Amino acid sequence: MGVKEERLVESVLFSASTPVSIEEIKEATGLSKKKVDAALVQLIKLYNVERNKETSIEVVKAGNKYTMQVKKKFFDQSVMVSKPEIQSHHLKTLALIAFHQPVKQSNLRRMVGPKIYDHVDELSAMKLVNAKKHGSTEMLTTTKLFPEYFGIDSTNPEEIREFLAKKVIGSIKK
Amino acid sequence: MGVKEERLVESVLFSASTPVSIEEIKEATGLSKKKVDAALVQLIKLYNVERNKETSIEVVKAGNKYTMQVKKKFFDQSVMVSKPEIQSHHLKTLALIAFHQPVKQSNLRRMVGPKIYDHVDELSAMKLVNAKKHGSTEMLTTTKLFPEYFGIDSTNPEEIREFLAKKVIGSIKK
Amino acid sequence: MSRINEYLDMVKIARDRDGIFIGSPFDRSIYLAFDLVLHQQLNPWDIDLVNFSSMYLKKAQEEKIDLITAGRIIYMAWKVLHMQSDNLVVHMEAKQDEEHDFGWEDIPTGAWFESDDGYSYTNLVMKNPDPPLEEPLRRDSKRKITLIELLDAFDQARKDAEEYQLLDQMRKKERDRLALKARKAMKGAAHEDHLEEDILAVWEKIQSYPKKSMSLSSICNTDDFDERIKTFLSVLFLAYDEKIRIYQRKFPFGEIYIKTIGYT
Numbered sequence: 001m002g003v004k005e006e007r008l009v010e011s012v013l014f015s016a017s018t019p020v021s022i023e024e025i026k027e028a029t030g031l032s033k034k035k036v037d038a039a040l041v042q043l044i045k046l047y048n049v050e051r052n053k054e055t056s057i058e059v060v061k062a063g064n065k066y067t068m069q070v071k072k073k074f075f076d077q078s079v080m081v082s083k084p085e086i087q088s089h090h091l092k093t094l095a096l097i098a099f100h101q102p103v104k105q106s107n108l109r110r111m112v113g114p115k116i117y118d119h120v121d122e123l124s125a126m127k128l129v130n131a132k133k134h135g136s137t138e139m140l141t142t143t144k145l146f147p148e149y150f151g152i153d154s155t156n157p158e159e160i161r162e163f164l165a166k167k168v169i170g171s172i173k174k
Numbered sequence: 001m002g003v004k005e006e007r008l009v010e011s012v013l014f015s016a017s018t019p020v021s022i023e024e025i026k027e028a029t030g031l032s033k034k035k036v037d038a039a040l041v042q043l044i045k046l047y048n049v050e051r052n053k054e055t056s057i058e059v060v061k062a063g064n065k066y067t068m069q070v071k072k073k074f075f076d077q078s079v080m081v082s083k084p085e086i087q088s089h090h091l092k093t094l095a096l097i098a099f100h101q102p103v104k105q106s107n108l109r110r111m112v113g114p115k116i117y118d119h120v121d122e123l124s125a126m127k128l129v130n131a132k133k134h135g136s137t138e139m140l141t142t143t144k145l146f147p148e149y150f151g152i153d154s155t156n157p158e159e160i161r162e163f164l165a166k167k168v169i170g171s172i173k174k
Numbered sequence: 001m002s003r004i005n006e007y008l009d010m011v012k013i014a015r016d017r018d019g020i021f022i023g024s025p026f027d028r029s030i031y032l033a034f035d036l037v038l039h040q041q042l043n044p045w046d047i048d049l050v051n052f053s054s055m056y057l058k059k060a061q062e063e064k065i066d067l068i069t070a071g072r073i074i075y076m077a078w079k080v081l082h083m084q085s086d087n088l089v090v091h092m093e094a095k096q097d098e099e100h101d102f103g104w105e106d107i108p109t110g111a112w113f114e115s116d117d118g119y120s121y122t123n124l125v126m127k128n129p130d131p132p133l134e135e136p137l138r139r140d141s142k143r144k145i146t147l148i149e150l151l152d153a154f155d156q157a158r159k160d161a162e163e164y165q166l167l168d169q170m171r172k173k174e175r176d177r178l179a180l181k182a183r184k185a186m187k188g189a190a191h192e193d194h195l196e197e198d199i200l201a202v203w204e205k206i207q208s209y210p211k212k213s214m215s216l217s218s219i220c221n222t223d224d225f226d227e228r229i230k231t232f233l234s235v236l237f238l239a240y241d242e243k244i245r246i247y248q249r250k251f252p253f254g255e256i257y258i259k260t261i262g263y264t
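Protein chains in written order, with the numbering used here: chain E, 1 to 174; chain L, 1 to 174; chain Y, 1 to 264.
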C-alpha cells in the first residue's frame, strides 16, 4: 500500500463537499477497490489517531460513504464561516423520526403538534426524510442521505437509534 | 503561540469554501490579529514543508486572503468529485446569452422556455450576466467578469460570440 | 347496553300502543323509569338524579311498586345512564379526534409512549434546547467552470432549444385546437357573440394598467355582475394563452390577481 494512493484518496475526500462512496473514489482515482479500502483505513488512522492532536479535521464513515469534516470541538469557531442549514426545530423533528422510524406522521403530530407538517415538508425537500402514503396519513422514515449528512457510521435503523439515544443521554450528563 | 490557535484557524480555513481574510478569521475564532498571523505562518509551514509529502492539501495565500486547497498534482482526481460553481442548467442559459448577446429576455424565453427567468436571476447574482430594462422585457449581456472567468481574451460581445461559434463548430467537426 | 335498548324499545312500543301490559313488576319498574325519562323529556345524558328520584317515587307510589325495588331501580338507572353518558363523551372525543386528526387505523405503531426508552427519548428531545443531531462542518468547496464545460453547455443548450421549439409548436397547435373547441362549446351562450372583443378589451386594459400586477377587481366594475363575468372569462382565456398569470392568495374566495411580468 503506497503513500501515494493515500494522498489521492485524501485529495478526493477533501475536494468533495459531500460524502463520497468507494465507487466514486475508485472512479476519480482509478485505484482498485482494495487499494481504496486500504487507503481509507490508513487515512482514518492518520487523522483520528496519529495526528489526533495535530489536526482539527477528521475522516469519518458517513452511512456507506466517507467524508472529511471539522472535529466537533472546533465546530463552534468555524460555524461562523459556514452556517448550518437546518433549523434546530427541524433537527429535533428529524431526531424523532430517526428514532421512531418507521413512524406515522399522525403519531408524530401527537408528539410534536401540528407544526410537524411544515417540518416534514422541509425535511423531505432536503431529501433527509421519506414520506409514503399510508391510509389517511404518511409513514415516515429517514433516507439514505440521513446518515451521510450527519456523519453517522451506520445505515441500520437500530444502530441509528442507539446512536441517537447515546447522544441524548450524553447531553443530560453534561 | 499555542497549538490550539493553530487548530482553530485550520478549522476555519477548511470549512470556508472561499479564501478568507485575516479579519474574517479573527472574527470567527475570536483570536487577536497577532495570533491569527502566527497561526497562519505555522499552518503554511506545517502543510507545505513539514507534512509536504504526507498531505495532498496545501495552505496558500491568495491575494490578501488565505485558503486551503488541493495541491496541483492531485487536482485531476479531485476535479471529478468537486461540485462545479455553476449548475449545468444555468450554465446552458449563460452560454446562450453569451452567444446571442445582446438578447432580449423574452426572446430567450421563446427559445428555451420560462425556466430562464430563474437562471437569469442566478447568473445576475453571480455577476456574470447584466440585465437592463428594455421596454417590457430585459436586455441581457454578459458582464466584464464573464471573459475573465473563462479566460476569454476579449470583452467585446461580438468577439465573444465569434469565439464561442468557432469553438463550438470546431467541437462539432471533431 | 343491549338490555337498555330492549327496554327503550319496549317503552316506544308501549307508547305507540297506549297502555301495553308488562307482567313482571321488575320490568315494569324499569319501564316506568325510562318512561319518565322519555315523557318528562329529561335529557338522559344529563339527568338530575334528585329530581328524577322524587318524580320516580311519586309515580311508583301511584303505580304501587314496592319501594325497595324502586330504590334499586333508581340506583341502577342512574348508574346505567352515567355509564352511557361517559361512553358518549368518550365516543364524541374519539370522533373529534378522527375528524381533526386521522383515522381509526392510526393506532400508534411505534408504541413510543408504551416503551420507556421511546417515551424518555421523545421527552428529552422535546425538552432539551439542543437537538441530538448536529450538522457536521464540511467544506462546501465549489470549483470553477472550465471553458470546455461552457462550450459543452452551449452545444447542449442549442439542442435543448430545438427540442423546446418543437414541443412549443405542438403545444400551440393543441392550444389552438382546444380554444376552438371551447369557443364552439360557447356557441349559443350569452357571452359568445362578444367573447373575442371582450378578451381584446380586457387584454388592453391589463396592458395599459400602470403596474404589472393587479387584482381582478381593479380592472372591472365589481358591482356589475355581467362585467365581472366577462372580465373573469377573458382573464381565463388570456391565462390560457399564457399572456398573463393568475393566482389567488386565499382559496377559494380570495381576490384573483393578474400578473403580466415575464409574459411579455
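Calculated directly from the structure, the hints in this document are not laboratory data. If you're wondering where the values come from, they're calculated on a predicted model, not measured in any experiment. Using N, Cα and C, we set each Cβ at its ideal position, and we do this for glycine too. One should not assume that every hint holds.
Unchecked claim - To be clear about the criterion: a stretch of chain Y counts as covered by chain L if any three or more of its residues have a C-beta under 8 Å from a C-beta of chain L, and this derived list gives those stretches:
no. : region
1   : 159-171
2   : 213-224
As the list claims (entries may be wrong) - Just the calculated beta-carbon pair ranges, DEER-fashion:
no. : chain 1 : residue 1 : chain 2 : residue 2 : range
3   : E       : K133      : Y       : Q165      : 35 to 41 Å
4   : L       : N48       : Y       : Q165      : 28 to 34 Å
5   : E       : N64       : Y       : K184      : 36 to 42 Å
6   : L       : K73       : E       : K34       : 37 to 43 Å
7   : E       : H89       : Y       : D117      : 33 to 39 Å
8   : E       : P114      : Y       : K181      : 15 to 21 Å
9   : E       : S124      : Y       : L178      : 50 to 56 Å
Said to hold, decoys possible - Some but not every residue of chain Y turned toward chain L, in silico, with C-beta under 8 Å:
no. : residue
10  : N128
11  : L150
12  : F154
13  : L200
14  : A201
15  : E204
16  : I206
Structure-based check of all given hints:
no.: 1; hint: 159-171; verdict: holds (count 5)
no.: 2; hint: 213-224; verdict: violated (count 0)
no.: 3; hint: K133/E to Q165/Y: 35 to 41 Å; verdict: holds (38 Å)
no.: 4; hint: N48/L to Q165/Y: 28 to 34 Å; verdict: violated (54 Å)
no.: 5; hint: N64/E to K184/Y: 36 to 42 Å; verdict: violated (60 Å)
no.: 6; hint: K73/L to K34/E: 37 to 43 Å; verdict: violated (23 Å)
no.: 7; hint: H89/E to D117/Y: 33 to 39 Å; verdict: violated (23 Å)
no.: 8; hint: P114/E to K181/Y: 15 to 21 Å; verdict: violated (44 Å)
no.: 9; hint: S124/E to L178/Y: 50 to 56 Å; verdict: violated (35 Å)
no.: 10; hint: N128; verdict: violated (25 Å)
no.: 11; hint: L150; verdict: holds (6 Å)
no.: 12; hint: F154; verdict: holds (3 Å)
no.: 13; hint: L200; verdict: violated (18 Å)
no.: 14; hint: A201; verdict: violated (20 Å)
no.: 15; hint: E204; verdict: violated (14 Å)
no.: 16; hint: I206; verdict: violated (12 Å)
Hint check: violations occur at hints 2, 4, 5, 6, 7, 8, 9, 10, 13, 14, 15 and 16; the rest are consistent with the structure.
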